[in-house]
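A.B. asks: Modelling step: build the complete structure from the supplied sequences, incorporating the hints.
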Amino acid sequence: MLETQGLRKAFGGVQAVSNVDLAVLEGDVHALIGPNGAGKTTFFNLLTGSLRPDTGRIDFGGREITALPPQQICRMGIARSFQRASIFPKLSAFENVRVSVLAHEGKSFRLYPRANALARGEVESLLETVGLSDQADQPGESLSHGDRKRLELGIALANRPKLLLLDEPTAGMSPDETRSTMSLVQRLARERGITVLFTEHDMTVVFGIAQRVTVMHQGQVIADGSSEAVRENREVQRVYLGEAGWFWR
Numbered sequence: 324m325l326e327t328q329g330l331r332k333a334f335g336g337v338q339a340v341s342n343v344d345l346a347v348l349e350g351d352v353h354a355l356i357g358p359n360g361a362g363k364t365t366f367f368n369l370l371t372g373s374l375r376p377d378t379g380r381i382d383f384g385g386r387e388i389t390a391l392p393p394q395q396i397c398r399m400g401i402a403r404s405f406q407r408a409s410i411f412p413k414l415s416a417f418e419n420v421r422v423s424v425l426a427h428e429g430k431s432f433r434l435y436p437r438a439n440a441l442a443r444g445e446v447e448s449l450l451e452t453v454g455l456s457d458q459a460d461q462p463g464e465s466l467s468h469g470d471r472k473r474l475e476l477g478i479a480l481a482n483r484p485k486l487l488l489l490d491e492p493t494a495g496m497s498p499d500e501t502r503s504t505m506s507l508v509q510r511l512a513r514e515r516g517i518t519v520l521f522t523e524h525d526m527t528v529v530f531g532i533a534q535r536v537t538v539m540h541q542g543q544v545i546a547d548g549s550s551e552a553v554r555e556n557r558e559v560q561r562v563y564l565g566e567a568g569w570f571w572r
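Numbering (the numbering used here), first residue to last: 324 to 572.
Accuracy of the hints is not assured; some may be wrong.
Claimed, not checked - Distance windows between CB atoms, simulated:
1. G385 - R561: 36 to 42 Å
2. F411 - S456: 14 to 20 Å
3. R375 - S467: 32 to 38 Å
4. G454 - P358: 28 to 34 Å
5. E326 - L507: 26 to 32 Å
6. D377 - E326: 14 to 20 Å
Keep in mind that the hints were calculated from the coordinates and are not lab data. The C-beta atom is built at its ideal place from N, Cα and C for all residues, glycine as well.
C.D. replies: Right, dumping it as structure tokens:
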């Protein structure tokens, strides 16, 4: 579904992403891991068109998207959530999702006075999917951290993605929120046929749900394979020693 070839991005003399080849298979839940500063977020920015690579190629669904603008990439089926929940804090949960639904349809309140009624059914369905039906009228700023992340997921789903990029989806969550959120991600992948590429520092989460794992370090891919193969990789163990090395003890 997604493939990058020789992807590079430098900032000054620092290679944030260096010659990255990566393939994400349709239907997979694929983890992208690595220590802080490994290049994961920069890589996501390249995939979504927020940054242009210095060299290399990105293909999605058999089409090159390397030089396309973010809006076009989104419309092709790539949606993203961020490390910090990106929502409209003063709008209700319902209104947050409605904005995304209408934007995807190319509608606005000014041009389509009946847009609210037309979108209501889809918005309510999305809120139910992410478990926020009972908080539809709550302002985004009043939601718990975990619920704000769920709201952001609902906003991303409004774009009807084929590929969902999740940047540290459980950051700052309690253990219960983490389990609930990743269970939701698995269900979306299974029931809606959405392919998922996610970054995560919690190795229990990574090896608990990922069908494939790619490891980045200093901008380069140092390992790629099944969860079991990556967990046994000596180089991966060395890189993580002292940060998440407890997982391999």
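A.B. asks: Against the earlier hints, flag every one the structure doesn't satisfy and list their numbers going up.
C.D. replies: none
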